Amino acid sequence: MEKFDILKKIVKECSEKLGIAEYELYYSESSGIRAETFRDEISAFSSSVGGDLLYRCIVNGKLGYASTQYLDESEMEKLVARAAENASVIEKDEEAIIYGGAAPEAYRKVPECKFTMPSAAFIRERAMKNRNLLYAADGQIADGTASGASAGQSRTFLFNSNGLDLSSFTGSEGEFFRVVLDNGEEKQTGGEYLPNGFEKSDDERTEKIEKAIKEARAKFGAGTVKTGKYNIVFKNDQMEAILSTFLSAFYADNVQKGLSQLKGKLGEQIASDCITITDDPFAEDNTVQVPFDGEGVPTYCKNVVENGVLKTYLYNLMTAKKDGVETTGNASRGSASIGTRVYTFYINKGEMTREELLKKAGNGIYVTGMKGFHAGANAVTGDFSIESEGFLLENGEIGAPVKSFTVAGNFFELLKQITDLDNELDFGGPGGTRIVAPDALVPGMSVAGE
Amino acid sequence: MITKALLEEVLAKAMSTGADFAEIFVENTRSNSIYMIDGRVDSITDNTIAGVGIRALLGVRCVSASTIDLSREGLLRCAEQVADVIGDHPTALDIHLTERIFPDIHAVKIVPDTAKKATKIDLLKAGYFAAKNYSDDISQVSANLLDVDHNILIANSDGLYTEDRQIRTRMGVSAIASRGGETQSGGMSPGRRMGLEVFDLFPPEEIGKEAARHALVNLSAGYCPAGKMPVAIENGFGGVIFHEACGHSLEATSVAKNTSQMAGKLGQKIANEKVTAIDDGTIPNGWGSINIDDEGTPSQRKVLIDKGVLKSYMIDKLNGRRMGMQENGSSRRQSFAHSPTSRMTNTFIAPGEDKNEDIIASIEYGLYAKKMGGGSVNPISGAFNFAVSEAYIIRNGKICEPVRAASLIGTGSEILQNIDMVGSDMQTGQGMCGSASGSIPTDVGQPLIRVSEITVGGR
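So the protein sequences, as listed, match chains A and B. Per this note's numbering, the very first residue in the first sequence carries number 1318; after that it's consecutive. Per this note's numbering, the very first residue in the second sequence carries number 110; after that it's consecutive.
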């Protein structure tokens, strides 16, 4: 991009003027377009052009950061000066590192992304077509039912004084279907997402819509459960929500700062034998393939937990240096620090079918919805107590819907309590970071209800 | 910056295909945060957020676009995108903007963005080390000092041209307590719409000590029992119960689309007569206060529920059109890149007449929820949840041992009827509320209240 080349040159001059030898410029620009329906028309349409210019530099051995959205040439001098000033008050004594780069062959070649942004008219039309499919699908469709279509692309540039000059481009599109059913007594909701769907057939859309309607309908007339201990099967998306909530325990940064219960557990059994967790930057179904991380380090696929044994934490350059190991290429680029991220982070599937898993659970609850993880879970201690809904399990069969109960436990105990996983993984979804898990059976969990 | 003449040109462009209203929102925000952990200054966040959001309405159709390209070409392109989608009747309009200045009722003494970093670091360290040195069981502390200088300019096709500068300062201290392999956490994070003088109200040492005390209480707590029971919820951030259980359902965002359990219930009794609830954006220096909302409408004090009867919703321009009602200063957006919609400001249950000691004494067996975490709600069903971060068992009218890791769940309509005692000492607590138009500062508040029965999710 021409603009970035100009900014690079100015930032180089400004840095050198202040005697800064090591610095890095990271620019991500994104644009997106989105339409959503309400009743029989487009209710909201938005398009955006955004971008963040992140700069960091080393002054007296400390890293300072600053960012801006003004891409003026005159702003660059301020940006560099702010970062340099910020470096001067940093007290942490870890060695400041700006990556020197790897051999070109260390970066995995990913297929070139050929995405082109669809037009506003196309997105609008797509959303309306979906809206018509939705309203034709069921007689109980009520206000709040909506469909939408969206597309977005982003471009990332990383340039530093140590010779690194990388860029990447990704784009994706998707459609969503949100169903509100009203049976005269109550309203229930269901939702489905169709990734990269614009070239797909209406049959696939209808299938998604029917799934969303089925989800909403099944919740009608939900009863309550008595407080007590139950065998719980977490549906895949709920297991994914649990894993996302406690994911940060695997970050070396949190381990080193005493904010993870996995401290000192490398090589130890932290989960049941059936649990293997993998982090893959190149997962086949993910439209966003990530050959370099937030520091410009080449990425690769690794097992974090293997048959229940903790194999590695997730590292960036700084945290790896502290532990005397190699980085795992999991750096994220924040506006004020290098953090940690995952790519497609998933619990490998088990051997049972869903039916076999439910059969093994026998009597209990199939948990299909959980809400409020941001408040009802503590990522440091692992404790959680979460508002849930689902279905009774009776002799392994899915029975009546139930709601208004909480499931409580501790994530680190849960990892050891899981006895079985089913053999289905759903990698479909919006591109980018994805947390994926199969259905999981946990016997004897605490449930609060009536 | 962008001249008035250019704003007029951009608005005319957005209106050029037949929109009946257009608006431009110009933002320039400086955001600073100093973060400490391991006893040292770990990182400094220093961001400039700048861009423009353009919105056009045609009846209840809404089209918006945002850009960081502030050149004339960039702005006109952005307006053209809006015009392309909103309508198809070529219209030429001459827009004339007249400046309006609304009084600033939120005095700021020390503008944080201009203070020395060393001054701010000293304040932060005072809070940090007050927590760290509180007890040998405090194994880790993290703390941050955040200041935001949010400048907005709003111009619209009705001729409005106005500006506001919103300065907010907040310190958060989070403490981890560990003993014999057990780890628990506690925290405190007060803030106000004011400058560094906020720390005269909240001395950093007290913030740090409170975070440490909180973590230590939880370290000595057993798990909370599960089941239905009466709960006394303390003032301050306890008000999150009203925010989640009812506040979101009163936002026109969901009411206008008939997806709120509170739609169509104006004038009806929806809560216990002990409950009067207010959303007030005009509290001087309140965390959620605004002089004008993000559409340029002056902020208001709205009685939402008066002695149990639903009196008012929170309404923005677009949803006001859907409902046939006037906007009331409730339109808010995180940034230029978000479309505004109706949101809360400072929302609280008004003081009642019950005595705190009577409330506790009335409970034979139940929970005293002293501190709350956050929560969430589904406005369609009204099902809500929120976390209790410090709690004690009440036995025979007395507060007994601490318990931890509890959550409270229920539905809004049910809980509003069950609030059957309301104390007199109203306090607020600060939060960041995430919803349709992004993350915005909101205050919650209440006196001590009793909920006669609610599901407590313990283990």
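Everything labelled a hint here was simulated from the structure, so no lab data went into it. One or more hints might be untrue.
[Said to hold, decoys possible] Straight-line distance between alpha carbons at most 27 Å, and here's what the computed DSS-like set of lysine-lysine pairs gives:
#: 1; chain 1: A; residue 1: K1395; chain 2: B; residue 2: K337
#: 2; chain 1: B; residue 1: K218; chain 2: A; residue 2: K1409
#: 3; chain 1: A; residue 1: K1329; chain 2: B; residue 2: K218
#: 4; chain 1: A; residue 1: K1395; chain 2: B; residue 2: K225
#: 5; chain 1: A; residue 1: K1688; chain 2: B; residue 2: K318
#: 6; chain 1: A; residue 1: K1409; chain 2: B; residue 2: K337
#: 7; chain 1: A; residue 1: K1379; chain 2: B; residue 2: K318
#: 8; chain 1: B; residue 1: K337; chain 2: A; residue 2: K1574
#: 9; chain 1: B; residue 1: K337; chain 2: A; residue 2: K1546
#: 10; chain 1: B; residue 1: K318; chain 2: A; residue 2: K1395
#: 11; chain 1: A; residue 1: K1334; chain 2: B; residue 2: K218
#: 12; chain 1: A; residue 1: K1379; chain 2: B; residue 2: K374
#: 13; chain 1: A; residue 1: K1395; chain 2: B; residue 2: K226
#: 14; chain 1: B; residue 1: K225; chain 2: A; residue 2: K1334
[To be verified] Which residues of chain B face chain A? A few of them, derived with a C-beta cut under 7 Å, are:
#: 15; residue: S140
#: 16; residue: I146
#: 17; residue: R288
#: 18; residue: S485
Owing to the predicted nature of the structure, the values given are computational and were not obtained by experimental measurement. Glycine is no exception: its CB is placed at the ideal position from the N, C-alpha and C atoms.
Practice prompt. Against the earlier hints, flag every one the structure doesn't satisfy and list their numbers going up.
Written response: Going through the list in order, the structure violates hints 1, 2, 3, 5, 6, 7, 8, 10, 11, 12, 15, 17 and respects the others.
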